[in-house]
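S.K.: The listed protein sequences correspond, in order, to chains A and B.
The opening position of the first sequence corresponds to residue 1 in my numbering, with each subsequent residue numbered one higher.
The opening position of the second sequence corresponds to residue 1 in my numbering, with each subsequent residue numbered one higher.
Be careful, since some hints might not be right.
Said to hold, decoys possible - Below, computed lysine-lysine pairings styled on DSS-like, alpha-carbon distance capped at 30 Å:
(1) B/Lys169 to B/Lys346
(2) B/Lys358 to A/Lys29
(3) A/Lys29 to B/Lys243
(4) A/Lys37 to B/Lys239
(5) A/Lys37 to B/Lys218
(6) B/Lys239 to A/Lys27
(7) B/Lys49 to A/Lys29
(8) B/Lys358 to A/Lys37
(9) B/Lys49 to A/Lys37
(10) B/Lys217 to A/Lys37
(11) B/Lys20 to A/Lys4
What the hints assert, rightly or not - Quick look at which bits of chain A chain B covers, simulated, 3 or more residues with Cβ under 8 Å:
(12) 12 to 19
(13) 22 to 31
(14) 35 to 42
Stated by the list, open to error - Among chain B residues calculated to face chain A with C-beta under 8 Å, some are:
(15) Tyr7
(16) Leu47
(17) Leu190
(18) Leu310
(19) Phe324
(20) Phe339
If you are wondering where the hints come from, they were derived from the structure by calculation, not from laboratory data.
Think of the CB as a built atom: it goes at the ideal place given N, C-alpha and C, for glycine as much as any other residue.
Listed here are the chains, written in short residue letters.
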Amino acid sequence: MNKKTKYISYFLTILVVGFITEITYIKNKYSLSIDDKNAKNTYVSVVGLPDLAISTETMYVRYRSLSSAFEIFKDDPTIYTYFPSTFAISYSGTNNNISRIKND
Amino acid sequence: MIKINTYLIEFAINSILREKTKNLFIFIVFTMLIFLLSSIFLITASLQKELNITADSLPDIILQKMNAGRVSDIDINRVDKILEINGVNNSVSRVWGYYYFENAGINFSVVGIDQFETQYKKSLESITLKHDFSELEDFMVVGSGVKKVLEKNYYKDYFNFIKPDGTFKKIQIKAIFDSATNLESNDVILVSKDTAYDIFGINENKATDIVVNVSNKKEVATIAYKIKMLFPDTRVITKEDLKISYTNIFNYKSGMFLSLFIISLFTFFMIIYDKSSSLSSSAKREIGILKALGWKTDDILKEKFYESFLISFTAYIVGIGISFIYVYIFQAPFLRDIFMGYSVLKPQFNLIFAYDLKIFAMIFFLSIPIYISATIFPSWRASIVDADEVIR
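Just chain A, same shape as in the assembly (with noise of 0.2 Å):
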């Protein structure tokens, strides 16, 4: 085997290694421990509610499973906050951080 090709077999063989630790760090560092699931699982049990608190601004997103196609409309008959297609647009802040009724 020639040089150049002894370093580049070299090089990927420490590029797949590496590629390998790291995620074998993050997996031991980043996986949810046996305390947090079962933590999880109890608050679940207690409470009772599916869905995740990602969007709690909206009640047909915060738990989407348990809501009616209607309940979008309450919060503004536009749609425009619906939710698969506006997630990654910000949102008018008029609606959210002040009172609607004050402001009027």
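Fit chain B to the known structure of chain A by using the hints.
M.R.: Same frame as chain A, now just chain B:
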């Protein structure tokens, strides 16, 4: 056994090094594309895992009354009729809903549970930061997001709920949910069932929904069907429905991103193909000289294969490697916002480790073979022409 000509590999390495800038640029763009897509799928996998972990603790069946297409309160005497169905383990009516806090413009989820019975007390003690549940007076357990918002609005130890008739209901904050449950409990206020009835002004013969647990999990579908037949005006949601709903949410999000990615990936390949198909005169001359020196078309293609494989495979490994660091160590700044709402009540949480090998295989087969073919094909076209014609 396949014999690898190491001289061809050496030639490929030299060829890469000869055009350092061009290849470095391709490597960076390729790595970025792989990194972006991989990061999105890792975030999706992590959130989905989070949901699936807790899905088994949910009730088997949830029953909602539908009236004119809307969810409305359900009679609690239906619980007894449901309990008469064979195979039903238990059935409980629940009171829960949203409370809009004007000052902050935030919805809280208020959940009522049965007067803090013994089993609840034990469970609560294990998931809250304060451990004193000896007094059974009006109190509430709040998520850390709720606590922060209330503190900002000068409610340190208690909160005044405004009831539908305009009067106040003062409730003491007894405990805060453990941070481990932040992702689930951030906006939740847990109160006794009586308090929940009071806050929402719901008639005591009614409930928000009814939950049913089934002894034999294989019978869930049958029992759900029987309930539907018994109460045709209800919507019956099984645990399986909820799991499917979760999958749909995240598949939609990552699917949208995947379609955008595919467009950008193919644009990238088109540029590569376009660049390579109008091979520069020096590259054509190189192929011509190689042919004149006795290289077969086969050898030229092999050399081009090694060249493109080295670039794309390295970019793939580096891209995926960086995405793991970005998502789990740095907790995916910016990209995780795609999956989050615009709410001011954002939970502090850590993405838990999760991955899907099928996804990485898909990214591999979507990117590397296409890149290799996009570079090999133009070289093949140049290499089948006579050497003297190519050089000329």
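S.K.: Would you check whether leucine 190 of chain B satisfies its interface hint, that is, whether its CB is within less than 8 Å of any CB in chain A?
M.R.: It holds, given that the least Cβ distance between leucine 190 of chain B and chain A is near 7 Å, below 8 Å.
S.K.: Does lysine 239 of chain B lie within 30 Å of lysine 37 of chain A when you go C-alpha to C-alpha?
M.R.: Distance ~19 Å between lysine 37 of chain A and lysine 239 of chain B Cα, so the pair holds.
S.K.: Is the interface hint for leucine 47 of chain B satisfied, with its Cβ closer than 8 Å to some Cβ of chain A?
M.R.: Because about 7 Å separates leucine 47 of chain B from the closest Cβ in chain A, which is inside the 8 Å limit, the hint holds.
S.K.: Test coverage of the region 35 to 42 of chain A by chain B using CB-CB distances below 8 Å; three residues minimum.
M.R.: Contact hint for the region 35 to 42 of chain A vs chain B: holds, 8 residues under 8 Å.
S.K.: Mind checking the alpha carbons of lysine 49 of chain B and lysine 37 of chain A for me, to see if they're no more than 30 Å apart?
M.R.: Measuring from Cα to Cα gives roughly 11 Å; hence the hint holds.
S.K.: Given a cut of 8 Å on the nearest C-beta pair, is the interface hint for leucine 310 of chain B held or broken against chain A?
M.R.: Because about 7 Å separates leucine 310 of chain B from the closest Cβ in chain A, which is inside the 8 Å limit, the hint holds.
S.K.: Go through the hint on phenylalanine 339 of chain B and say holds or violated, using the shortest Cβ distance to chain A against 8 Å.
M.R.: holds (6 Å)
S.K.: Below or equal to 30 Å on CA atoms is what counts here, so check lysine 239 of chain B against lysine 27 of chain A.
M.R.: Cα-Cα ~29 Å, so holds.
S.K.: Could you check if phenylalanine 324 of chain B really has its C-beta closer than 8 Å to a C-beta on chain A?
M.R.: holds (5 Å)
S.K.: Measuring from the C-beta of tyrosine 7 of chain B to each C-beta in chain A, is the shortest one below 8 Å?
M.R.: Status holds, d = 7 Å.
S.K.: For the pair we were handed, lysine 29 of chain A and lysine 243 of chain B, check the Cα-Cα distance against 30 Å.
M.R.: holds (27 Å)
S.K.: Hey, lysine 358 of chain B versus lysine 29 of chain A, does the alpha-carbon distance stay inside 30 Å?
M.R.: holds (23 Å)
This entry satisfies every hint, going by the numbered hints stated previously.
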